[in-house]
Amino acid sequence: MGDDIMSYNGGVALAMKGKECVAIACDKRYGVQNKTIATNFTKIFQYVLFENVSFFLKVQTVSERLRFRTNLYELREQRKLKPLVLYNMLTNLLYERRFGPYFVYALVIGLDPKTGETYVFDSDNIGAISDNVNLATVGTASDYIFGLGELFFKPNMNADELFEATSQALLNGVDRDSASGWGAVVYVVEKDKVTVRELKGRQD
Amino acid sequence: MVESIIGIRGKDFVVLAQDANTTKYGILNMKFDTNRLFKLSEHCAMLAAGEPGDVVQFSEYVGKNIQLYKMINGIELSPYACANFTRHEMATSLRSRNSFLANLIVAGYSTNEHDQQRAQLYAIDYLGAMVTSNVVAHGFCQFFALAIGDRLWKEDLTVQEALAMLQTIVNEMGKRMAAYPHCVFVRIIDAKGIRVLDNMYPEKIIVTKPSELELQTSADMMDIHS
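For the protein sequence lines, the chains are F and V, in the order given.
For the first sequence, position 170 matches number 215 in our numbering, and the numbering has no gaps at all.
For the second sequence, position 62 matches number 74 in our numbering, and the numbering has no gaps at all.
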């Protein structure tokens, strides 16, 4: 902990791909270093779906600014955003503050309802662009969750298997990290619906 | 840090409590009737603690702007809107020449019947992070208020239960905090608006006298005069 700004608030998020479905999950803790202040702080904001972890001030500010840009886009273009467009908007927003950055790591997931193509991207706090990956994790417990995620991931999972894999990887990963936990929220995005499930893990 | 502000949300009310001390140089108690509450609208108020100048400056700025909105548009901002406006101002000022070291609690009762949760309580820290919860606090009293709140808060809390919880918190603060809260101002916000309730005082601590045995040393027990 100490003076590492990126782990000041704690928190974690995970995104995984399946066959024509994507899942994103986050924990619910809001804390200041070792003190937990609230246990209802979900870090997932829905545009297509977009996730921020680590420093909550900036989580709220970045999501507000991105909300402004996406609303303006939709008004001007008269159409909904594609996941890739959202991701590029976000990385642009983060890079604008290259020398006084926002303290967030971001995950963006999306699904094209016509083609069923899935997108999972992640970004560091200055907007480094990643490829479309199968599995992405950000946050204080990301190393633990990466290991579990790689273990549980199989190509072409259906929505139920994907939910199981995502939730197990997250819940067990946060048990090893004191700065995350207090339950989890999992969003599973399919072509025709988004299912939100709240999980109760170890409440510590 | 040393000043305490606490908010407790109940069924259809919010109880706001603040200690009434102003300390200087870490040890002097300058004032014991300090007001930390700033009214934002008829059903919305804000408690602020932190750097003394910043607290007043920021709270008055936010409060007056919210009143200006009411004058220009003819309607009052909801507690949710007030809290988000306040948070936004705090976040924008953070990376500018003038940042404010003030921790805030914004509480209100929504007059919109369609709202599910009518009693609303938000905590905003000096970095502009906003959370909403049933019990919120800022300062050293966080350690006591949040923990006692975890234990005693329940759904459909009544005013009496909330005040009993608050008295427990104040007693604990009186026992364990070096910065003793001589007096705690209590207000309640509900459908009728913002009202002031009776002050709360920490319970007097009774300590047993040390026993006479402790006044004896081993030398006394030696009979040297025989």
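To be clear, the hints were calculated from the coordinates, so they are not data collected in a lab.
It is possible that part of the hints are untrue.
As the list claims (entries may be wrong) - Capping the alpha-carbon separation at 25 Å, the derived lysine-lysine pairs in DSS-like fashion look like this:
| id | chain 1 | residue 1 | chain 2 | residue 2 |
| --- | --- | --- | --- | --- |
| 1 | V | Lys166 | F | Lys80 |
| 2 | F | Lys245 | V | Lys166 |
| 3 | F | Lys80 | V | Lys216 |
| 4 | F | Lys236 | F | Lys159 |
Said to hold, decoys possible - What follows is a set of in silico ranges between Cβ atoms, one per label pair, in the way DEER data are often shown:
| id | chain 1 | residue 1 | chain 2 | residue 2 | range |
| --- | --- | --- | --- | --- | --- |
| 5 | F | Arg114 | V | Leu113 | 43 to 53 Å |
| 6 | F | Phe113 | V | Ile84 | 18 to 28 Å |
| 7 | V | Asn41 | F | Phe191 | 50 to 60 Å |
| 8 | F | Asp169 | V | Ser108 | 20 to 30 Å |
| 9 | V | Asp45 | F | Lys125 | 48 to 58 Å |
Stated by the list, open to error - Partial chain F-side listing against chain V, Cβ under 8 Å, derived:
| id | residue |
| --- | --- |
| 10 | Asn79 |
| 11 | Ile82 |
| 12 | Ala83 |
| 13 | Phe86 |
| 14 | Phe90 |
| 15 | Arg143 |
| 16 | Gly145 |
Ideal placement from N, C-alpha and C gives every residue a C-beta, glycine not left out.
Results of checking the hints against the structure:
1. Distance hint between Lys166 (chain V) and Lys80 (chain F) is fulfilled; the C-alpha atoms sit about 22 Å from each other, no more than 25 Å.
2. Of the pairs offered as hints, the one joining Lys245 (chain F) and Lys166 (chain V) holds, with about 19 Å between alpha carbons and a cut-off of 25 Å not exceeded.
3. Distance check on the hinted pair: Lys80 (chain F) and Lys216 (chain V) sit about 29 Å apart at the alpha-carbon level, beyond 25 Å; violated.
4. The hinted pair formed by Lys236 (chain F) and Lys159 (chain F) meets the criterion: a straight-line CA distance of about 8 Å does not exceed 25 Å.
5. Look at Arg114 (chain F) against Leu113 (chain V): about 31 Å separates their beta carbons, and that is not inside 43 to 53 Å.
6. For Phe113 (chain F) and Ile84 (chain V), the hinted distance range of 18 to 28 Å is satisfied, since their beta carbons lie about 22 Å from each other.
7. Between Asn41 (chain V) and Phe191 (chain F) the C-beta distance comes to about 53 Å, which sits within the given range of 50 to 60 Å.
8. The given range of 20 to 30 Å is respected by Asp169 (chain F) and Ser108 (chain V), whose C-beta atoms sit roughly 25 Å from each other.
9. Range check, Asp45 (chain V) to Lys125 (chain F): about 56 Å between beta-carbon atoms, so the 48 to 58 Å window is met.
10. With a least beta-carbon distance of about 11 Å to chain V, the hint placing Asn79 (chain F) at the interface is violated under the 8 Å criterion.
11. The beta carbon of Ile82 (chain F) comes within 6 Å of a beta carbon in chain V, closer than 8 Å, and the hint placing it at the interface holds.
12. This hint holds: Ala83 (chain F) has a C-beta 4 Å from the nearest C-beta of chain V, less than the 8 Å allowed.
13. Residue-level restraint check for Phe86 (chain F) holds (minimum Cβ-Cβ distance to chain V is 6 Å; threshold 8 Å).
14. Taken as an interface hint, Phe90 (chain F) does not check out: its beta carbon lies about 14 Å from the nearest beta carbon of chain V, beyond 8 Å.
15. Contact between Arg143 (chain F) and chain V, as hinted, is not supported at the beta carbon level, the nearest pair being about 14 Å apart and thus beyond 8 Å.
16. At about 7 Å, the closest approach between the beta carbon of Gly145 (chain F) and any beta carbon in chain V falls short of 8 Å, and the interface hint on this residue holds.
Going down the numbered hints, you'll see the structure goes against 3, 5, 10, 14, 15, while the others check out.
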